[in-house]
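*Asks:* Here is what each chain is made of, one letter per residue.
4 protein chains.
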Amino acid sequence: MSTLSPRPLTKASPVAERYRHVRATSRELGAPLSDADATVQSMPDASPAKWHLAHTTWFFETMVLKPNLPGYEVFDESFNYLFNSYYETIGERQPRPRRGMITRPHLDTVFDYRDHVDAAVETLLERGASPEVAELVELGCHHEQQHQELLLTDILHLFAQSPLKPAYRDPQPLGVGREPGEARFVSFDGGIVEIGHDGQGFAFDSEGPRHRALLDPYRLADRLVTNGEFIAFIEDGGYRNPLLWLSAGWADILANKWEQPFYWFQRDGEWWTMTLRGAQPVDRNAPVTHLSYFEADAFATWAGKRLPSEFEWENAAAGLSMEGNFAGSGRLRPKPAGPARDGALRQMFGDVWEWTRSPFSPYPRFKPVEGAVGEYNGKFMCGQFVLRGGSCVTPEGHIRATYRNFFPPDARWQFSGLRLAEDA
Amino acid sequence: MSTLSPRPLTKASPVAERYRHVRATSRELGAPLSDADATVQSMPDASPAKWHLAHTTWFFETMVLKPNLPGYEVFDESFNYLFNSYYETIGERQPRPRRGMITRPHLDTVFDYRDHVDAAVETLLERGASPEVAELVELGCHHEQQHQELLLTDILHLFAQSPLKPAYRDPQPLGVGREPGEARFVSFDGGIVEIGHDGQGFAFDSEGPRHRALLDPYRLADRLVTNGEFIAFIEDGGYRNPLLWLSAGWADILANKWEQPFYWFQRDGEWWTMTLRGAQPVDRNAPVTHLSYFEADAFATWAGKRLPSEFEWENAAAGLSMEGNFAGSGRLRPKPAGPARDGALRQMFGDVWEWTRSPFSPYPRFKPVEGAVGEYNGKFMCGQFVLRGGSCVTPEGHIRATYRNFFPPDARWQFSGLRLAEDA
Amino acid sequence: MSTLSPRPLTKASPVAERYRHVRATSRELGAPLSDADATVQSMPDASPAKWHLAHTTWFFETMVLKPNLPGYEVFDESFNYLFNSYYETIGERQPRPRRGMITRPHLDTVFDYRDHVDAAVETLLERGASPEVAELVELGCHHEQQHQELLLTDILHLFAQSPLKPAYRDPQPLGVGREPGEARFVSFDGGIVEIGHDGQGFAFDSEGPRHRALLDPYRLADRLVTNGEFIAFIEDGGYRNPLLWLSAGWADILANKWEQPFYWFQRDGEWWTMTLRGAQPVDRNAPVTHLSYFEADAFATWAGKRLPSEFEWENAAAGLSMEGNFAGSGRLRPKPAGPARDGALRQMFGDVWEWTRSPFSPYPRFKPVEGAVGEYNGKFMCGQFVLRGGSCVTPEGHIRATYRNFFPPDARWQFSGLRLAEDA
Amino acid sequence: MSTLSPRPLTKASPVAERYRHVRATSRELGAPLSDADATVQSMPDASPAKWHLAHTTWFFETMVLKPNLPGYEVFDESFNYLFNSYYETIGERQPRPRRGMITRPHLDTVFDYRDHVDAAVETLLERGASPEVAELVELGCHHEQQHQELLLTDILHLFAQSPLKPAYRDPQPLGVGREPGEARFVSFDGGIVEIGHDGQGFAFDSEGPRHRALLDPYRLADRLVTNGEFIAFIEDGGYRNPLLWLSAGWADILANKWEQPFYWFQRDGEWWTMTLRGAQPVDRNAPVTHLSYFEADAFATWAGKRLPSEFEWENAAAGLSMEGNFAGSGRLRPKPAGPARDGALRQMFGDVWEWTRSPFSPYPRFKPVEGAVGEYNGKFMCGQFVLRGGSCVTPEGHIRATYRNFFPPDARWQFSGLRLAEDA
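Chains as they are written, first to last, in the numbering used here: chain Y, 1 to 424; chain L, 1 to 424; chain H, 1 to 424; chain W, 1 to 424.
No lab work stands behind these hints, which were simulated from the structure alone.
Treat the hints with caution; some may be incorrect.
Same chains, same label: a pair holds when it works inside one copy or across any pair of copies.
What the hints assert, rightly or not - Once the Cα atoms are required to be at most 30 Å apart in a straight line, the calculated DSBU-like pairs of lysine-lysine come out as:
hint	residue 1	residue 2
1	K335	K66
2	K257	K367
3	K367	K66
4	K66	K257
5	K66	K165
6	K367	K165
7	K335	K257
8	K367	K335
9	K335	K165
Please read all numbers here as calculations on a predicted model, not as lab measurements.
Using the sequences plus the hints, can you model the full thing?
*Replies:* This is the structure we're talking about:
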């Protein structure tokens, strides 16, 4: 998942308040971590927590403060090299797979850096920021929320590498959820529908332009696929039947010996899984997560269904309340679905990102924004699939029905699961 | 590019005649090759010519003769292992990257195998084949035509590895073409259009079902991008500017040091290229080819345009005559465009496959056919982009306006180029 | 194994006769091969038969004819690039792992090349060659004999990759040998001994200078380790016990899942092995072969013994008759030991190369010869172990008691086995 | 470099004092490091400082306390998995390349672990340890000293990866040394000499048994090769001339684009190098270091000399005072040679490990010790070369004339350099 350029910020927004809230949240997320926890990079696709905390700060320093706050004093000139992610227009940077070599600065210094930048942003906002600046601050907040989610998924990955299986948060087991009952399928008419962000409030550039699309009638399951259902797939030999898999997925299975979702393992004949609360038994009633696209697609084929397209999903989600199991709840794990209600979709937001069958492609007339902030979702529009709806580690207030997350089809370390769909 | 399952064969078709024609063509394509030429595999994505000649024959033996010709005697039981491509339902097979280890049987034996199968197919057809069998034979013919094109692109790749740069065919230089003039853009209204094959005549399964799609107004260049235009991109530093490239493409450039189209090299300050006629000077007036998707996309960005979607291309191609520079001409290289005519698209068929911006995805309500022949375009619907229109090594009669070829974005050994598009 | 520079050729030698014999032998070795068999390269460490046949010819053309036969006309200028092995002083060459891309010239043309060079060498010798030239011809003959052995081991490797397991020669099974009885250990006093070639007759540069070495008393088994003994090692869990293995060998076992000697496989509960006569049952009485150094060393540790040093071996071999099971017998497989005789070593020459515990290092005062022919055993004196005694595919007359073959410790495709040793 | 099993501890030794000294030194070495510095693993061959500090402690806990101190309470059961290095007999362990994933325990906890074990060892020694236990403690001390050196070389490697080039110690530049003058060659007679440890005092198992060896007369340079001399090699194209290099070394140069010693870089036209004092200018008068075996060997060839054998070195070092520039000086960089004295060798101990031409092989009658401590130098006797004399980061009192260090020929991150030799 990457960043991002802004839609116009048209409605009055308490940007300073949002800024403080987001920045304080990041600090809280970093609190359980030691300097070492925050430094190590467990794989090239993951970044150290320290890097997330510093990079989001660098974004404000570089995009907001340097061009807009006269007299702003840069905290440390070397940070521009250390904490640039991939903005080619801004210059050279630490290669991504080498982010874990940055043992200095200390985590404490990164927090000092955050203080320094926060004070300057407050000054800027107090002086009365122009709409353009307010828009950039808002963009920076959304950008930081993306990194909050990644900080959590990356820490989970790191802790999963340790034989100690440390808990990021309270290692007490959560109660097992209620059996959610069979999924029911909700019907949608399709036809010509409006897709994409309408420009009211913030959105990333790839969510627009809003445009019309033509959909056939379709049906969506009213809840997410559960661990129990996925265990049935495993027990039916799902991981050993090539006919269920995309060719590239089958090659991954053979090469990597995948036989269960990421982070799962057997203990005394039971399925366990690594979580942000340490090693825990798999809850059969909760949504399955840490699936690659390949696994989600193979499961759907096995079940005689298919994955929804991102347009089907968005059309169904339009108008729904954005409630769900998000990071703020502190649960940090997906939760079994609540009781079914006729014709109502459950778990559309939060819990797990839902793989769609849609490759991440530009909408008609999409153009990246000019300048550094336009680097850009656009350059990732190749080899990725869209996920929708947010997860149990997505910050509240970050998600939208039009929000397009994306990952390569073999990515498993995000909280990614699925909802079944079929033609009507 | 892969295979394939049939649309119903509804119009009366001289299937025996088509069979003979296709089979004789393969034999001609193999004629310039020694046993060694036909055996070596130059990279895992390419197959030996011997393998193409035997695999297409194995297809008829396995799918047509064994189930339908009582008393048919298998030519050699071991060939089922050697020459199965990827049909999981049919059993184990020689691993793809090890196809070049098969020095036995000799190329002559493969031709004997072809004789044996051809005689049996003739017998079957003379006895009067059922519509189902006729359909399978037709499918086998189209399948073989796909492999004819691959045989040529794979031989070109092999010969390009040799320091001798041998010519597959007559090494005499071709005359340089006429300067084709600036491309003109032809406008299309879009709206709701019909896409996909209508079931009249043969098509592969992924070309259907025919369905409606919604298009914005758009414009297409009336000819392909030329070598001369691509040289301007190179000279403008196109290969050194990361802002022009998809992120995955830029990574490929850095890793592989791409600085020009595949097969190009400098000789005495001039651009030369390896071709099926040996090393030849680059013709600035001819269409550029052997581009990856990344290079096609970067060129379009540099030119201030974009690649067309596959629906835009198909909508523009619908109803055009399927004429062009195909394999049968014996030229085996792309040809400069003929004279422009107002509002008319040139070079839509033949010359080079045109990269579209469309990932290879299933059409609405697409379902793979049951059984082995349903293995299947569907399992390749991940990580590939669609190309349209055929090339100078596509057999005549193989292409259609609805035909969807597909390759990963880093593939360069096919005859792949581009046509520019823009929003109207 | 590599090449080589000459010792002075001091005794009168029928060099023309030797030349004819060696050259004719290569031709016979190539006879059972098709153009395709002779072209494919089955791994980077192996070379195509065509390459061996041409490279040895190129050696005579480049080292003997071009500098010494006025008016000699080069057969094909491009061959200098194609068939140079690694002589940096002579220029650029086809990269070793890409030797299999050379489908042209045809095998027939390579035989024409051999004719052309043979005729010129005959002319040169008839005119009366200087001692220096005679010495170079002799060197070329020994060089070609090395490649004769490699041609056979490389063809075996290639044919082992084919699911058809073709036989290079007569696929009839050989009779099973007699049980050779327990090995007996023969004692040697050690002390100050003379090691290395004394300059009488031909030797490679690395065999000298002759020098003194100090040996402790030691004992050598009177025969090679057999397949039956090695099966006992396997059945005792030898491949699963890390304490038996060198650290680097254990890493290889884990990475490559070695569980038996190279080319071995199970068929109906019995051990079989690929041979130059096709797939054959393992003969428990014959010497075990196709072992890496790691496997030889682990076996010796398991047996409570050790490998001999190369000096121990040479001291024991000095003065023995150079008889044994060589290539000329046409058996092309190791042979069970004949009857024991008190105090007499059996199987010292032929059958299998014997791994010694000696790294391939220069002898005191060793200096590579000047010029291209001095490229050179010396540059391989790193990361290799010495093997002694020749094998069942070594040409008669090629071996000596002072002969030092060498391979990296993970090499398994040569005919390599072991003889046990211990301190007295 | 690896470990180790003991020679009998025959002379009365103040083992408790040595223990305290060694343990306190490790603590001092860890003092400049943050938790993050001590956790990150910069390459598979290097280990985190935290790991070194804990592993050496685990060694005492496992080998000394658990079998010998009744009632000893293990500090943390999980540490047996985390901090075992490679002792197969002791059980499963964290894979070496994943040592950097261990962010927990905290560095402070590792120091608590050290306190816990130190207290228990003191108790054991106060109670009066048996000679066997005292021997194991002494072994543990030497083992820990080896890891002290590795801790420093591994931290240097880590800090070299950081764009900030942090200094482990005082970043002030050291004064440039005096020009040491031309090297003089000292002659040695050779003959039958005694090699290996005589059993008086501690030695690792691979240093024995003491035995006789036969040496030709030889000469050794009286000082180490300097940076200035190595710059002359670079400027003469040494890195571009394949004829100077071992074949495997030349392959490394091509693959890794080596053009200077490890850690060197150009700044404003001058050579700089990363050091434990941060980035520093290269001192032309100081010994060159961070060379692979390949570079040392190529330099010697270029200079018309050769590397000494380990026996030549040991014979020359026998009886010399073990004085030199060791870790205790706090310099942590090699130092220019002092004034020459006729016939006297300089810099034999300390400064840089001297590559010898000797592969690391067992001495005659060498047998690894039984049990876990016998895992063992022996299993590394393949693919490594011996280095002699210690370096500027070797602890005082750790080195001996018979000491055999060993590394693969491509290792560059140790303080490794060379002294020239020649035949007399």
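*Asks:* It remains to establish, for every hint, whether it holds in the given structure.
*Replies:* Verification of the hints:
In this homomeric assembly, K335 and K66 never come within 30 Å of each other (Cα to Cα): the closest approach is 43 Å inside a single copy and 46 Å across copies. Within a single copy, K257 and K367 get their C-alpha atoms only as close as 41 Å, which misses the 30 Å cut-off; across copies the closest is 28 Å, which meets it. In this homomeric assembly, K367 and K66 come within 30 Å of each other (Cα to Cα) only inside a single copy, at 26 Å, whereas the closest approach across copies is 55 Å. In this assembly of identical chains, the alpha carbons of K66 and K257 never lie at most 30 Å apart, being 49 Å within a copy and 35 Å across copies at closest.
In this assembly of identical chains, the alpha carbons of K66 and K165 lie at most 30 Å apart only when taken from different copies (26 Å versus 42 Å within one copy). Within a single copy, K367 and K165 get their C-alpha atoms no closer than 44 Å, and across copies no closer than 41 Å, so neither meets the 30 Å cut-off. Proximity of K335 and K257 under a CA criterion of 30 Å is satisfied intra-copy only: 28 Å inside one chain copy versus 42 Å between copies. For the identical chains of this complex, K367 and K335 are neighbours neither inside a copy (38 Å) nor across copies (33 Å), given an alpha-carbon limit of 30 Å.
When the C-alpha separation of K335 and K165 is checked against a cutoff of 30 Å, the pair qualifies only within one copy, where the shortest distance is 22 Å, while the shortest distance between copies is 46 Å.
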